[in-house]
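Engineer: Sequence lines, in order, name chains A, B, C and D. To convert, take the position in the first sequence, counting from 1, and add 3; that gives the numbering used here. To convert, take the position in the second sequence, counting from 1, and add 2; that gives the numbering used here. To convert, take the position in the third sequence, counting from 1, and add 9; that gives the numbering used here. To convert, take the position in the fourth sequence, counting from 1, and add 228; that gives the numbering used here.
Don't read these hints as lab results, they were simulated from the structure. Among the clues, some could well be false.
[Unchecked claim] Only part of the chain D face toward chain A is listed, based on derived beta-carbon distances under 7 Å:
no.: 1; residue: 238
no.: 2; residue: 291
no.: 3; residue: 356
no.: 4; residue: 362
no.: 5; residue: 367
no.: 6; residue: 657
no.: 7; residue: 658
[Unchecked claim] Distance windows between CB atoms, simulated:
no.: 8; chain 1: A; residue 1: 324; chain 2: B; residue 2: 88; range: 35 to 45 Å
no.: 9; chain 1: C; residue 1: 67; chain 2: A; residue 2: 108; range: 55 to 65 Å
no.: 10; chain 1: B; residue 1: 81; chain 2: D; residue 2: 493; range: 29 to 39 Å
no.: 11; chain 1: A; residue 1: 277; chain 2: D; residue 2: 672; range: 45 to 55 Å
no.: 12; chain 1: B; residue 1: 37; chain 2: A; residue 2: 103; range: 37 to 47 Å
no.: 13; chain 1: A; residue 1: 9; chain 2: B; residue 2: 4; range: 40 to 50 Å
no.: 14; chain 1: B; residue 1: 37; chain 2: A; residue 2: 32; range: 19 to 29 Å
no.: 15; chain 1: A; residue 1: 324; chain 2: B; residue 2: 27; range: 54 to 64 Å
no.: 16; chain 1: D; residue 1: 674; chain 2: A; residue 2: 32; range: 55 to 65 Å
no.: 17; chain 1: D; residue 1: 493; chain 2: A; residue 2: 287; range: 53 to 63 Å
Where a beta carbon is used, it is the ideal one built from N, C-alpha and C, also for glycine.
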Amino acid sequence: MNTITLLVFDGLLLISIVSLAWAALATRDARRSVILFMAFGLVLALAWGRLLAPDVALAEAAIGAGLSGALLLAAVSEQPHAAGVVRPSISQNPGRAGTRTAVRWAITLLCAGLAGILGWALLQGLDSSARDTLAQAVAANLAISGVSNPVTAVLLNFRAYDTLLELAVLLTAVLGIFALGQARPGYQCAGPVFDSLARWLAPVLVLIAGYLLWVGAHAPGGAFQAGATLAAAAIVLRLAGRSHIGLPAGGSLRLVTVAGVAVFLLVGLVLLLLGRPFLGYPPAWAGALILVIETAAMLTIATTLVLAFLGGRPQALWREPGVRRDAPPASDAPGAAAPANESAAPSLAAGTQEQTRC
Amino acid sequence: MIDVLAAVLILLGLGFYLAGSIGLLRLPDLYARLHALTKADNLGLGLLTAGLALHAQDLFTSAKLLLIWLAVLAASAASAHLIARHARRRETGT
Amino acid sequence: MLTAQWLYGLTGCVVVALGLRAALLHPSLLQRIVAINVMGSGVFLVLIAVAYRGPGVAPDPVPHALVLTGIVVAVSATALALALVRRLRAERNDG
Amino acid sequence: MADALVWLVALPLAGALATLLLPRAATAVALATGLATGTAAAALLYGVATQGPLHYAIGGWTAGLGIALRADGLSALLVTMTALVVLAASVYSSAYFGDGSQRARFWPLWMLLWTALNALLLSGDLFNLYVTLELLGLSAVALAALGTTTAAVQAALRYLLVGLLGSMLFLAGVSLIYTGYGTLDMATLAAVVEPGPVVWPALALMTAGLLLKTALFPLHFWLPPAHASAPAPVSAVLSALVVKAAFYLVLRLWVDVFADAVTAAAAALLGVLGAAAVLWGSWRALRAARLKLLAAYSTVAQLGYLFMFFPLLHALPPGPARDLAVGGLVILALTHGFAKAGLFLAIGVIQQRSGHDTIGELDGTAQRLPATTFAIALAGVALIGLPPSGAFLGKWQLLAASFATGQWWWIVVTAIGSLLAAAYTFRVLGRAFGHRPYPNQPVTVAREEWPALLLGAAAAVLLGLAGAPVWKLLEASA
């Protein structure tokens, strides 16, 4: 009886995943597509839970569906209500409709073929028995890894180098966003209901973030989920129209943005200079070092995700050297990126340039 | 005994979820559908978490389950209000 | 090979194909970014399906860590892509 | 000596953080870190030359569990080339970017790009390669988007979308490999892998992703607009290093890790695509209206030569003939790196001084900017493959290998490609030496012209005359 109900549940879950994915990608309306994508992310988090991957389920719900959804919604809300910025798709767009449908069919067949090959290779691969070597190695070394949650052990000890580069990827994305222009204008002050919700929700989210960070050592949780929850608190405050959402200003903002990678690199290099391998924590100190790195990583992940949500350089907080009004010298010579004036399209609520105190 | 009570609670909760979903599909306009969603589903969730809390091994887990219910209550109430206000404003054009 | 493994794995392959098709064909820039995210989720579905070891057994933690890293990389790439779209639209509006 | 592997990644990353924390002193900090990384690259080259391939297990964990950094002759040479090209372009950038805020945004991204390049060239783990590919892609796009025109932003967005597609395909291949073999470390994989239903699709997916990122012929549409609209030092590094890093990965997978899973037909396909890239790239370069577009299409063409080596390497049995061919491939890649970087830097000087880079209006450039025109000429010599340049040695080995394996058609393509390369180089030089009615005084911009000249000289003369150590190093670390 048990396996039948499980099979039915699996079937329903998978059908909803595929249909949500298909629906999100088939609609012409960008707004509908983003909301369906967020639903797809949440159902996917359910799938991770079912496959006994609670850490990934937390991250998918918080970052995959939550923050990606927030970024996409903020982008969609700025878009003129026409169906998105229509541009030729990546493949050259042939003129006549006849060839265009031919190309569509060709690409559809190509993707179907890819799915077939991928599935066939996957089934062949699933037969082979060589897959458990790493799982056993992780279990064997878990005792000296400093944490008891195997996923955190892999993320912050065995494959710590991956996580270091991944934090660098996050930093690169934010620096790229800053180079592109100013932040979006703030939102209008929220009504009493949403304002009281934000007033109550933000502290609870900060508390949950601290709990997730601490629990990550021995149970599902960790720096990424905690950072995403902290970012959610700041984003709720910003949506409620607050101008001060907890981001430090000036030099300390730069410090917090850099803290995650800096602490990780510092710990690695200090260990290197002490004769141990790079990022090779001594077993006695591993737990404490991992907690220090995770705390810095949480702060950096939260800050960078909030800065990404702002969509550009927060003018008051991020000060840059050089001429205040950047005068563009010779033509292609890279004059300063002309600060993109705020796009005309109204955001969620027509935000005034300077936020009213609320 | 506990299992029977938990099963009853969970079944009741599912019933309210079903009612909420049918309401979402059948009711004519936005405001009615919002009612269906926020009222039926929240009550369904309350019963569901109560049933699961009975199953939970220790008090701490059941406390967390109830916390989930309270958070969803607050979030769905606020978002329903926002959606209704936004729709209202678009209709009356203010 | 467990039924859940190949069930979720093949779904992952289907989702990858859906994402790739929309990423290549969809006219709207924003939805092409959504398509790439969906394609990434499909690959993650394959990875986690491979890690699954059965109802009571602890799964293989390495793919879980890989997918966690992949999710954070995907969100940073999406943020940069959306900032580029926003800048492109700002340039077009006053261009 | 193996610590150099770690310092090569840690130093530029620390430089990126330092330039972000000290925006006013960004240029000084960046140049200092650059020199430190350059010495680390020299130490690595010396280490590989004396002790053979180096290996560093990060965190002290065994290769399967943890991530291993590895450097053999090929990656040591490419890391050294990266260091030299990035250092030269950094000196150039210190004079190229006018105002403070632009410079403060440039340096952190520049150092992150360098980190990604070194991390990619030294990594020995497949998933780590995915993360480095993403870091490389994002930093390259962010730098390319520093250009202020709408075209730059549009090209950067298309480059990002193509890059993400490529990374996703690569990740799909990696997940198949993990499904089949349960390990991500390339060394253990090389010993275990055998042709079969898992390896072929995985290799095909990974290669498709990498071909998107290295812009091989049918998938090259995103490269010319992205490289042509980016600022000059960024274009130089994009063309010389970023696309080459993706090529290095294809080479590493096809020749080293999955060598016995590669079939003759697959290698021939890469060769044919390479040949098509040579012809199409050279033709479009000849017809390009702007210098930067010419250089970008020339990149597409030069990469075609590198891909033509694949069927030859597959046909040659392991032995002295094959080592010579591999040496030829490496020296051709190195020469193109130096020459293309020098060319883009020189074009940047012309663009900044005369406000445009349209080939039609280059009259009098030789009088006005003598050193820059000389740098373009040196780079042209290396792109064509005239005798003193390293490219001559590379193309010579290409021809020799074609004779040895009897695959004569690559010779025809190389001849036509070199002819077209000569055509588009002399077209530019002919225009540059055209006289203007009233000659104006020559202008010299030391800090911008010296890097271009040194890179061009390295490609055109140094690598040609002192090319032997490349072969010795490759044998020492085979």
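Engineer: With reference to the structure, classify each hint as holding or not holding.
Structural biologist: Against the structure, the hints:
no.: 1; hint: 238; result: holds, 6 Å
no.: 2; hint: 291; result: violated, 10 Å
no.: 3; hint: 356; result: holds, 6 Å
no.: 4; hint: 362; result: holds, 5 Å
no.: 5; hint: 367; result: holds, 5 Å
no.: 6; hint: 657; result: violated, 22 Å
no.: 7; hint: 658; result: violated, 24 Å
no.: 8; hint: A/324 to B/88: 35 to 45 Å; result: holds, 43 Å
no.: 9; hint: C/67 to A/108: 55 to 65 Å; result: violated, 45 Å
no.: 10; hint: B/81 to D/493: 29 to 39 Å; result: violated, 58 Å
no.: 11; hint: A/277 to D/672: 45 to 55 Å; result: holds, 50 Å
no.: 12; hint: B/37 to A/103: 37 to 47 Å; result: holds, 46 Å
no.: 13; hint: A/9 to B/4: 40 to 50 Å; result: violated, 23 Å
no.: 14; hint: B/37 to A/32: 19 to 29 Å; result: holds, 26 Å
no.: 15; hint: A/324 to B/27: 54 to 64 Å; result: holds, 59 Å
no.: 16; hint: D/674 to A/32: 55 to 65 Å; result: holds, 57 Å
no.: 17; hint: D/493 to A/287: 53 to 63 Å; result: holds, 56 Å
In this structure, the hints that do not hold are numbers 2, 6, 7, 9, 10 and 13, in rising order.
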